[in-house]
Each structure stands twice: as C-alpha cells, then as structure tokens.
Amino acid sequence: MTDRNSYHLTPEEQQRRRRRSIALGLTLGILCILLFVITIAKLGPQVFNRPL
Amino acid sequence: MNTLSNSLTEPQNKTIAGNGISQGDVSDFFALLKPRVMFLVVFTALVGMVVSHPDVNPVLAFVSLLMIAVGGGASGCLNMWWDADIDAVMTRTRKRPIPAGKIQPGEALAFGLTLSAGSVIILGLASNWLAAGLLAFTIFFYVVIYSMWLKRSTPQNIVIGGAAGALPPIVAQAAVTGSVTWDSIILFAIIFMWTPPHFWALALVKSGDYERAGIPMMPNVAGPDSTRFQILAYTVLLVPLGMAPVFAGFGGLAYALISLVGGLGMLALAIQVYRLRVGEPAMRVAQQLFAFSILYLFLLFATLLAEHGFGFFHAVLG
Chain G
0 MTDRNSYHLT PEEQQRRRRR SIALGLTLGI LCILLFVITI AKLGPQVFNR PL
Chain H
0 MNTLSNSLTE PQNKTIAGNG ISQGDVSDFF ALLKPRVMFL VVFTALVGMV VSHPDVNPVL
60 AFVSLLMIAV GGGASGCLNM WWDADIDAVM TRTRKRPIPA GKIQPGEALA FGLTLSAGSV
120 IILGLASNWL AAGLLAFTIF FYVVIYSMWL KRSTPQNIVI GGAAGALPPI VAQAAVTGSV
180 TWDSIILFAI IFMWTPPHFW ALALVKSGDY ERAGIPMMPN VAGPDSTRFQ ILAYTVLLVP
240 LGMAPVFAGF GGLAYALISL VGGLGMLALA IQVYRLRVGE PAMRVAQQLF AFSILYLFLL
300 FATLLAEHGF GFFHAVLG
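Top to bottom, those sequences are chains G and H. Note that numbering that gives the first Met the number 0 has the first sequence beginning at 0, numbered continuously upward. Note that numbering that gives the first Met the number 0 has the second sequence beginning at 0, numbered continuously upward.
Everything labelled a hint here was simulated from the structure, so no lab data went into it. The structure presented is a predicted model; accordingly, all values stated were derived computationally and were not measured. Built from N, CA and C at the ideal position, the CB exists for glycine as well.
Stretches of chain G that chain H covers, calculated by requiring three or more beta carbons in the stretch to come under 8 Å of a beta carbon on chain H: (1) 6-19; (2) 31-42.
Taking lysine to aspartate or glutamate and the DMTMM-like style, the derived pairs with C-alpha atoms no more than 25 Å apart in a straight line are: (3) H:33 - H:208; (4) H:33 - H:86; (5) H:33 - G:12; (6) H:150 - H:208; (7) H:94 - H:84; (8) H:205 - H:279; (9) H:94 - H:24; (10) H:205 - H:224; (11) G:41 - H:54; (12) H:94 - G:11; (13) H:205 - H:86; (14) H:94 - G:12.
Turn these sequences into a full structure, and let the hints steer you where they fit.
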C-alpha cells in the first residue's frame, strides 16, 4: 500500500483535480440559482406585489 | 523493455488507484452519465410533456426536464458502477471510465447516489411528488431490478428492464400535469415494445461479447434462430402499436404516414433478419435493423414533437 500522504500529484493530476474542483463549484452555484428560480416560479408574480 | 517498464509502473498505478486518489477528469464523470442515453431520455420526456399541452410555468417545465435527464444519467452511472466487471471484458464497454481505471468504483457510486437523490428531490420541489416518485421508481427499476437482478439472470433481461427506459414520457407528463393519462402510457408501450428488437439485433452481432461477459442475452441462451423469430414477433406487435397515437387522437396526419412507412421498414428488416441466418449478410442485416430501429423511434417522437410543439398537427380521425 502506498501512503496517500506521501504521494505527490503529477502536474497532469493536479490539473485534473483543479478542473474537477471548478466543475463542482459551478455545479453548486447552478444548484443555488436553480433553487432560487424554482422558489420564485412557484410563488408566481404575486411575490413582487407587496407593500414596501 | 516495455514489459519491464510496465511491470514497474502498472502495480504502482493500481496501488494509487486503490488508495482512492482520483484520476478522473470532468469528461470522465460526464461519460458516467451515458450522454447518448440521456439524450434519448430528454427527447422522449420532452415529447411526453409537449403531447400533454400543459398549462405550466415554462421555467418549472424546463427544470423538471433537466431533473429527469439528471435522474437518467444517475441511473446510468450506478449501472456502470455495478457492471464494471463485465464492462471490462466486453469490447464495446471496456473503455468506460471505471474499467479504464480513470474513476474509482466508490467515486461512481457516490456520484450516482448523490445525483439520484438530488434529481428526485428537486423534481419534487419543482413539480410534484408523483413525478418525483415515478423518477425514483425509474432509477430503482433500472439499477436494482434490471442491472443487479435481471441482467445476469435471465434472457428476458432487456424485455422487462426495458420498462425503465420507457418510463420518461410518463414521468414528464406527471411532472407537468400532475397525472398520468393513456397518451403517455401509449408512448411508454411503444418504447417498451421497441426495446427487444432493438437490443436483440445488437446482441446477434455482439453475441461473442455477451458470452465472454457471461450475460444471458437471448442469442446465447435460446440461440440465434429463436432470437430472430422473437425479433420478428415483437416487431409485428410494435408496428400497430407505433400507430396507436393516431387512433388515440394525438397522432396527426404526418405521424400516421411516418409511423406507417417506418413501421413497414422495421417489418421488412425484421423479416430479412429472420430469413438471412448465416454469414456476413446475416450480420449486416442485423446491424441495419439495429440502426434503423433508432431512426424509427426518433422519427416517431420527432413527428409528435413537430405536430404538438410547432403546430403541424392535422387530425386524421374525427
């Protein structure tokens, strides 16, 4: 068994990890937007009609 | 020299992979979702929605369609996780991310489960819990009933398992209307009846692959001749079923013509597959049936989409 802590990622592996992290970040961002949009769409146009 | 360098590098790579350091790129994770199957799921689900003429917020309809696609992708991912051992010995599938060593089985399992749960929950929030329940059932049916149970135990695997691939129009209709009607059940039945001739045509060509992997596909268990007869029998049932939307009132004039001509094409090829049993011509006609079956299903659903989504509907009956 190779000790995971002693293993150094190659530049290619680092790039792949970076791309995975970016994709995960974007996915989480899209998920937040999606939940916001669903909420607004479910509430309908009346959501903007309220006393300020 | 190559052998020596391989022996030095391969075990190390395997150990690293075993230690859980991910080697996968974003494209490998995307490949786990079976993009081509996802396209078919989105396409048939979209038709299920459009045919229903729903009075629904387009944003919510879009989110529902997206979640049905993600759920379909998740079930494909879980299928690849479970079938990694047989994928590794089949030429058609050995380059998939898990057998190729790019993605760890545990990663695929976590990815698939997360997407499954996420797609079901968000579909429930965006549309209704009937649709979410049907999507959950679809994923369960494909992964547990088909992949884990039927695929390795019976030659009827793709007949019964085909139900999972046929469910998207029903899930989509439930998402935008909150109910299930005969229209989407007819679309389900068309895909369900289309699946055996489609997959068995492929299985006739790739029977060696399936035999090596130990999968009891119909040509390996009942023999090629019996498979050819069953392809013909299912096609005979499929052709009138393909025309059922016309009689149910949601298939128009264009659909009537396409389903008739396409159905006759399917029937002609199925008869050829039944008649030609040896050598290169037999393999070639089986490949032709496999390819034409994809075109046939695509044309049926594309015509319904054009008729209901773009105003090309001209009633045939009534």
